[in-house]
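Participant: Given chain S, put chain D in place with the hints provided.
2 protein chains.
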Amino acid sequence: MRLSQFFLSTSKEAPAEAELVSHKLMLRAGMIRRLGSGLYSWMPLGLRVLRKVEAIVREEMNKSGAVELFMPAVQPAELWQESGRWAVFGPQMLKIKDRHERDFCFGPTHEEVITDIARKEIRSYRQLPVNFYQIQTKFRDEIRPRFGVMRAREFLMKDAYSFHSNFEDLQREYRNMYETYTRIFTRLGLTFRAVAADTGAIGGSGSHEFHVLADSGEDALAYCPNSDYAANVELAEALPPSSQRPAPTTAMEKTHTPGVHSIEEVCAFLKTAPSRTVKTLIVEGSEGPVALLLRGDHQLNEVKAAKLEMLPDEVRFAPDAMVREVTGAMPGSVGPVGLNIPVLADRALMNLADFACGANDTGFHYTGVNFGRDLPEPIFVDIRNVVTGDPSPDGQGDLELCRGIEVGHVFQLRTKYAEALSASFLDENGKSQTMEMGCYGIGVSRVVASAIEQNHDDRGIVWPMSMAPFSLVITPIGYHKSELVKQAADGLYRELSDAGVDVLLDDRDERPGVMFADAELIGIPHRVTIGDRGLKEGMVEYLPRRESQAQNVPLSEISTFLLDSLKTA
Amino acid sequence: MRLSQFFLSTSKEAPAEAELVSHKLMLRAGMIRRLGSGLYSWMPLGLRVLRKVEAIVREEMNKSGAVELFMPAVQPAELWQESGRWAVFGPQMLKIKDRHERDFCFGPTHEEVITDIARKEIRSYRQLPVNFYQIQTKFRDEIRPRFGVMRAREFLMKDAYSFHSNFEDLQREYRNMYETYTRIFTRLGLTFRAVAADTGAIGGSGSHEFHVLADSGEDALAYCPNSDYAANVELAEALPPSSQRPAPTTAMEKTHTPGVHSIEEVCAFLKTAPSRTVKTLIVEGSEGPVALLLRGDHQLNEVKAAKLEMLPDEVRFAPDAMVREVTGAMPGSVGPVGLNIPVLADRALMNLADFACGANDTGFHYTGVNFGRDLPEPIFVDIRNVVTGDPSPDGQGDLELCRGIEVGHVFQLRTKYAEALSASFLDENGKSQTMEMGCYGIGVSRVVASAIEQNHDDRGIVWPMSMAPFSLVITPIGYHKSELVKQAADGLYRELSDAGVDVLLDDRDERPGVMFADAELIGIPHRVTIGDRGLKEGMVEYLPRRESQAQNVPLSEISTFLLDSLKTA
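Taken in order, these protein sequences are the chains called S and D. Okay, so the first sequence: first residue is 1 according to the working numbering, each after it adds one. Okay, so the second sequence: first residue is 1001 according to the working numbering, each after it adds one.
So here's chain S without its partners, still in its complex pose (with noise of 0.2 Å):
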């Protein structure tokens, strides 16, 4: 492509709404426009990264034997009544009346309707397995739509739906899936990590997430670096300590502490580690308060607490007050001896002894306090985040944590939506069994986003080379000066252009630190440069994006040695 014929729109600062480096980075390169909340057009340059991640998307289902269909982004409403879900999907929903006062929605997603289509194409167990993907434009109204194309209310996603005559073939697809969508994020030149998303009845193998890793991702996840175990940090389990506790050495004392409350100041007042001192937080249970003890540098994970049975679906503090009159003391000073409440600890407390707590006295804390001899033995439960350095429960190592962007799912259905819409098919028996189902998606246009967060320095994107939407430029200087460049340009040009290589030759009448600043911003990631004064001793220029060197190359030899490069790359 000549950048003459293409177009590209640069900038060198991006609107000040945008927060997020991939945000701000497709802006400046101009591979999104605003259109409205939400909505985003993609720009030429924007689009052909898009179709990449599309294509290898695409490839790697079809690999997979998945089958490619096209649904109607609009969509009745009857169908998601038949589902149950017209009323409970919620405001994330955009419903919509035709000029006829009739119900449809723009698809959120395609359960409905491609079960509707499965229970009436497939009759009979010898239809099955299939499953079923689309590349389509999906509509989810976000309330607070942010961060470009990463959280847009339009964007475009693969979804896939499998059907199966048991749940072992659901479990065949399911593993054929996740391991489809590890070669796709490889093949897209991502790190990422597939972590489980629920801890279902099986193995916790009902649901992954496929997160790209960022420092920006909105998920914390947990992994083990020397096994396939990783999790959102969120459901990663902390196992109870493998020591035993030891037996206490000191009494209990109770401390004047005026004006110490977070563990911190408890820690510096009384010369003490985090690690030694128990936290009591008073949680509104399904019966009454209910205190729940961590360590001192342990963090409540509330997922795990609102799936305690003493506790409601979601986990609501005690207001003060309510805290005054279990504990007879503020917050800052409260802790778990002499409460008459259930008490619930985290299970790191299982090996702690002679630790420093809360005296239920406003300005007093315990030092040396022991469970069994100072207050009874809590109840001990799961409900912390795990921290690096917590042993991995595949026993496989120490987990480590990292954040990251969710771009895929996959999804044991079950029976849920065949059952709804009586999906069912007759089996080799002749007897009628509703379908199981799977459903796998990747958020492609988030791909793209994702990838910027990933790959990227202070000069601008740095693409992985599948992703790219040109392998190389070749920045001329003096193109319009020059005939020998312009010869040397337009020849390598060709060469490269016939060899199959993605090539954009800026040939725009532009100072050399122009054609340099573009060519870094969008994320080439090789350049050549072409000038007379290298020309002159037949040389020119080689710079990897990645690399700030260049190299001299002879002229006769550039085109072989890009052609090496590419390969490897």
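A few of these clues could be false.
To be verified - Cross-link-like lysine to aspartate or glutamate pairs, in silico, EDC-like; alpha carbons within 16 Å at most:
{"#": "1", "chain 1": "S", "residue 1": "K95", "chain 2": "S", "residue 2": "E142"}
{"#": "2", "chain 1": "S", "residue 1": "K12", "chain 2": "D", "residue 2": "E1121"}
{"#": "3", "chain 1": "S", "residue 1": "K52", "chain 2": "D", "residue 2": "E1068"}
As the list claims (entries may be wrong) - Which chain D residues stay away from chain S? Per the calculated CB distances, all over 12 Å, these:
{"#": "4", "residue": "Q1171"}
{"#": "5", "residue": "L1270"}
{"#": "6", "residue": "D1297"}
{"#": "7", "residue": "Q1299"}
{"#": "8", "residue": "L1308"}
{"#": "9", "residue": "M1310"}
{"#": "10", "residue": "R1324"}
{"#": "11", "residue": "V1337"}
{"#": "12", "residue": "G1397"}
{"#": "13", "residue": "E1400"}
{"#": "14", "residue": "E1406"}
{"#": "15", "residue": "H1409"}
{"#": "16", "residue": "E1520"}
{"#": "17", "residue": "N1552"}
{"#": "18", "residue": "V1553"}
Stated by the list, open to error - FRET-style restraints, in silico, Cβ to Cβ:
{"#": "19", "chain 1": "D", "residue 1": "R1123", "chain 2": "S", "residue 2": "D458", "range": "22 to 30 Å"}
{"#": "20", "chain 1": "D", "residue 1": "E1314", "chain 2": "S", "residue 2": "R102", "range": "25 to 33 Å"}
{"#": "21", "chain 1": "S", "residue 1": "R102", "chain 2": "D", "residue 2": "L1484", "range": "52 to 60 Å"}
{"#": "22", "chain 1": "S", "residue 1": "K120", "chain 2": "D", "residue 2": "Q1549", "range": "36 to 44 Å"}
{"#": "23", "chain 1": "D", "residue 1": "L1484", "chain 2": "S", "residue 2": "R183", "range": "34 to 42 Å"}
{"#": "24", "chain 1": "D", "residue 1": "S1243", "chain 2": "S", "residue 2": "R102", "range": "54 to 62 Å"}
{"#": "25", "chain 1": "D", "residue 1": "L1484", "chain 2": "S", "residue 2": "R546", "range": "55 to 63 Å"}
{"#": "26", "chain 1": "D", "residue 1": "E1179", "chain 2": "S", "residue 2": "F167", "range": "54 to 62 Å"}
{"#": "27", "chain 1": "S", "residue 1": "Q92", "chain 2": "D", "residue 2": "T1388", "range": "54 to 62 Å"}
{"#": "28", "chain 1": "S", "residue 1": "A55", "chain 2": "D", "residue 2": "P1091", "range": "34 to 42 Å"}
{"#": "29", "chain 1": "D", "residue 1": "Q1396", "chain 2": "S", "residue 2": "R102", "range": "46 to 54 Å"}
Since the hints were derived computationally from the structure, they do not count as laboratory data. Values in this document were obtained by computation on a predicted structure and should not be read as measured data. All C-beta atoms, glycine included, are put in the ideal place defined by N, C-alpha and C.
Facilitator: Quick look at chain D alone, frame taken from chain S:
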């Protein structure tokens, strides 16, 4: 593709509501499935065809220099209010309110959005010209969707919008798009015509429609077989006769014609030809009734008539009472002699002498009537439909008629949207100018249906090679019984697949009759049948879809033979 790994769902019957051949065959072949009124899912077989059309459109648009982008489907009302179309577009536009009760629509077209992009991105004449296109799902809320994807509500469209610094450059790009469309429909293997779509200011070149020719087409077209001339019959000019009017040879006589009303009855009774009679239509003019005269064998063209100054924008025929008041006779006996209202005569009457017509006396006709002698010379105008044999307006021969399905439209919008949305640029002299604009659409999903209308027989679809879901099908007889057949079929399948041929192997355990019927119904251009009987002689059977007689080809030569056939196909 092995059929066992594909999803094919054919049927012998089409639902009763399907009227058009293409609709019936697309349902029977399992190309599409209905989700709701005017909403269709593209099943795997149909999607393969749709994608092939899309790919050809994309390739040719890219070659033409247009640049692809991708705009949102959901568009904010504000832009449409700015262009003035929010109110006037009517109920075809699917309006939507989001969760914040803000107004949006599901884009029926994208002039507003692209003009918004242009006004924000384009500052200087140096950024012009540019032609942006996208291939995208559109929604038009047709009041009565029908004919399957031919007139669906949700459909796939290629829409392009070009921007220019002056009108000459718009005209250049218009010709470029005209030629690009010609290449696209030629590559698709369709018989088509570009027709002038309006008579515009610029010699009728302001807008052209591209029609796929098919007997079932909604539009009547006139074209000259010796030249490029083609026009919608609604607009095709009927030239005045080239010959002079002969002198009168008989006297005007009044004849009693009881019960004679239609032209056929008049001719039978008076023993004359329709081309020697004049019919008189009384219509409501802007300032009282007007008589329109046509040759008995010609039809009124209401579009042309509505453009006459004396008539309103829509032709309204006078009610019987008014006809009687104006002429003194009942319809059927009305004629031009003695009328005291304006008389407009079609130009075909310019050279007619001694004609027959109603006598304005119920039950009577005149014969031997002559303009200038028996009644004043009327005002001659072009108000009829052209007929086969009329001279082509370009003087290159005689017109022929056919029917067409509109699949493309190119249009010089000029400054309509650029003015409304203030899309301006700075010209060479630093002066602000309004952009000139063109738009260019192709109904991608409609192309698929129209191709079937043009290419089918009583056994099913007959795909042009470029659009076929598969180029070739291998139908092995006894694939699951004969190791020999399986080996030969698998071998050929692998060989052709490796050579890049889109081959389908029917590896189902079905009777030959079922396989053959399916292959013909879904329209695969080439078929190879492999059976034990033929293999004994070293032979396989080759049958192109358009023929009925198979030919034997040695197994050892079949692969070379097919690769040759596919190359020339």
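Participant: Compare the structure with each hint and give your call.
Facilitator: Status of each hint after checking the structure:
no., hint, verdict
1, S:K95 x S:E142, "holds (13 Å)"
2, S:K12 x D:E1121, "holds (14 Å)"
3, S:K52 x D:E1068, "holds (14 Å)"
4, Q1171, "holds (20 Å)"
5, L1270, "holds (52 Å)"
6, D1297, "holds (42 Å)"
7, Q1299, "holds (33 Å)"
8, L1308, "holds (34 Å)"
9, M1310, "holds (36 Å)"
10, R1324, "holds (41 Å)"
11, V1337, "holds (50 Å)"
12, G1397, "holds (40 Å)"
13, E1400, "holds (38 Å)"
14, E1406, "holds (22 Å)"
15, H1409, "holds (23 Å)"
16, E1520, "holds (21 Å)"
17, N1552, "holds (33 Å)"
18, V1553, "holds (31 Å)"
19, D:R1123 x S:D458: 22 to 30 Å, "holds (27 Å)"
20, D:E1314 x S:R102: 25 to 33 Å, "holds (31 Å)"
21, S:R102 x D:L1484: 52 to 60 Å, "holds (58 Å)"
22, S:K120 x D:Q1549: 36 to 44 Å, "holds (38 Å)"
23, D:L1484 x S:R183: 34 to 42 Å, "holds (37 Å)"
24, D:S1243 x S:R102: 54 to 62 Å, "holds (60 Å)"
25, D:L1484 x S:R546: 55 to 63 Å, "holds (56 Å)"
26, D:E1179 x S:F167: 54 to 62 Å, "holds (58 Å)"
27, S:Q92 x D:T1388: 54 to 62 Å, "holds (59 Å)"
28, S:A55 x D:P1091: 34 to 42 Å, "holds (38 Å)"
29, D:Q1396 x S:R102: 46 to 54 Å, "holds (52 Å)"
Consistency note: the structure conflicts with none of the earlier hints.
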